[in-house]
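Number of protein chains: 2
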Amino acid sequence: MPKPSLIVRKLDPENKETPIQFIESGPIDNKLFFRRNHFSYPSLSQVSYWLPVNGLVNHPKLFSLEEIRMLPSRTVKVVLECAGNKRHFLEPKVYGEQWEKGAISEGYWKGVPLRDILKLAGIKQSAREVLVEGYDSGLRTDTDKIFTFSRSLPLEKAMHPDTLIAYEYNGQPIPFKHGYPLRLIVPQWYAMASVKWIRQISVIGSGFNGPFQSVDYVYYPNKETDADAYPVTIQNVNSTIQKPLNMEILNTGKHLIKGIAWTGKGVITKVEISLDHGKNWSSVEIGEPANHGYGWTSWTYEWSVTKKGEYTIMTRAADSHNRTQPENPFWNQKGYGHNAIDKIWVKVE
Amino acid sequence: MPKPSLIVRKLDPENKETPIQFIESGPIDNKLFFRRNHFSYPSLSQVSYWLPVNGLVNHPKLFSLEEIRMLPSRTVKVVLECAGNKRHFLEPKVYGEQWEKGAISEGYWKGVPLRDILKLAGIKQSAREVLVEGYDSGLRTDTDKIFTFSRSLPLEKAMHPDTLIAYEYNGQPIPFKHGYPLRLIVPQWYAMASVKWIRQISVIGSGFNGPFQSVDYVYYPNKETDADAYPVTIQNVNSTIQKPLNMEILNTGKHLIKGIAWTGKGVITKVEISLDHGKNWSSVEIGEPANHGYGWTSWTYEWSVTKKGEYTIMTRAADSHNRTQPENPFWNQKGYGHNAIDKIWVKVE
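The listed protein sequences correspond, in order, to chains A and B.
Residues 1 to 349, numbered by the UniProt record's numbering, are exactly what the first sequence covers, in order.
Residues 1 to 349, numbered by the UniProt record's numbering, are exactly what the second sequence covers, in order.
If you're looking for bench data, these hints aren't it; they were derived computationally from the structure.
Incorrect hints may appear among the rest.
Pairs involving identical chains hold if they fit within one copy or between any two copies, as the list cannot separate such chains.
Subject to a maximum C-alpha distance of 25 angstroms in a straight line, what follows is the list of computed PhoX-like cross-link-like pairs (lysine-lysine) [unchecked claim]: (1) 258 - 279; (2) 334 - 307; (3) 279 - 145; (4) 347 - 10; (5) 145 - 308; (6) 243 - 334.
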């Protein structure tokens, strides 16, 4: 059986997406794990095995990789989804990487809770955010300045027990292209928060406003102005049909429709399917307990079709916070957070 | 530098396209050569090294691969383009593989002119077409019958000195997935004519009407009826922008715009570019002499852009038969022959 491979969107920096339609199930191995970079890869020789933790702490620390590995660990199953996943499907179209449905991954991350590290350093009363800097840096198209990829987390999210300084992915050291040796893992947030190649962690007393937080990864809902902007944080509830393929031609008979659903808030409680342009909806069978970590939920639906013709297949997921997928995507200048009802067309002949 | 790989459209049968935006130049090697199959691959053990030539001939023959290799050979540089290339961009959308711009390849094919083989067998006066059958077969979605992939050529095209029974691609035996050991190569026609894994060649006295000739690979210009249908044969004149990428964000400054142009009739005589929505057009620099075989023409254009904003980049090629690319694609039910002016959008900031 022929194999799928990553779909290239750009070679430098490397941006490639998972052929999600052809993924049988999670976790996603290194070979098919989407790659999203703002800059060229750092060089391995540049990456240090010492992690400084500083800023508003009582005892600034320099942790060795060995020390980090000796601390009590946690393993979480996490969906990492690029905030620009499904950007390609926005209308009117927006600039940037034209991600279709595969800027998403699921896998097991093992590491030390960030809060354990912060507690060892002792957080001062004046702390507001935790700034995490990566080893990747370079020029941005909108300025002539070099920036490092850096993001902050509000203290509350930084102190969540499942926010990890990870060192393993699916039981192996993190692949270099995904952040080796240390990567921040922020479950439930879009993946820009999960900073790769951690270089430094600083506790700060004010709101960080680096360009990957104040320019990019911000929802700008208006086409002409930047009014009403607000930051991209948690994943929207979402679903993707994997099978059949969009615009596929099928025989009459039985077809297994399958896909995934995920959310950044609570768990998936329901996935519904419509085969008549959204008039009627049926619940589909959802896989393993949805509350197992922060993974996605696989679902299937057996479709018996006897009448020839053109059909749309639509799916919508709901989560335990009563969030559901809107009929139309929320348009914003940079095309983040697309989670409209998923829709494909097929022809039965 | 990260590498591109084939983009999967379907796994079984295997349909994958070339990441054409990331191809530096031709010929395309086996790894990045698009794959277009109607059926699962034949098994190697099924494929015979004997080629029967029969039908309306004076001396039916059975050629061994050795005999074929001993005959005088020709090598031609050929663009193979799937008739459904660029189908994805048709509006309204049509069913079938959603090829973007990469169902196209360029390379060197070596083989024996089909006419030399036919002459050895001696064509009878009543001959009208030459039927070429492949080893690939299977069910079609529109019937419950098994068909072999078979296509005929009118005698005139079959007797063209560059219509080959090929056995080498880029100096190597043809890769199995591309038709090993023998593949018909029909320069200037869309690639469905270049039958892979040749099983048999028959000279026939009437028009062949197998489903890959009478159902598929037919232009149906009307949405509701099959009136005015006519067969898909020669490639339209066409061009593709490889660089920059669609929806890319660029700096102000100099950018090299590059791409390819090709035609199934004569040679490319001109490629023009427009940066102002088609108001003004400038000629671009075209590469190596366009009349070198049936290859594509690479072209480049140096763009100096100082004004920030959104731009469209459009290209249109013309050939020595005064054919040019239309503004809008010719819509047809099955989405063949898309050759509208190529168009991408970029933002300069």
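We went through each hint and held it up to the structure:
Taking the shortest Cα distances, residue 258 and residue 279 sit within 25 angstroms of each other inside one copy (20 angstroms), while across copies they are farther apart (47 angstroms). For the identical chains of this complex, residue 334 and residue 307 are inter-copy neighbours only, at 21 angstroms across copies versus 41 angstroms inside a copy, given an alpha-carbon limit of 25 angstroms. Taking the shortest Cα distances, residue 279 and residue 145 never come within 25 angstroms of each other, neither inside one copy (52 angstroms) nor across copies (36 angstroms). Taking the shortest alpha-carbon separations for residue 347 and residue 10, only the inter-copy value of 16 angstroms comes in at or below 25 angstroms, while the best intra-copy value is 32 angstroms.
In this assembly of identical chains, the alpha carbons of residue 145 and residue 308 lie at most 25 angstroms apart only when taken from different copies (18 angstroms versus 58 angstroms within one copy). Taking the shortest Cα distances, residue 243 and residue 334 sit within 25 angstroms of each other only across copies (22 angstroms), while inside one copy they are farther apart (28 angstroms).
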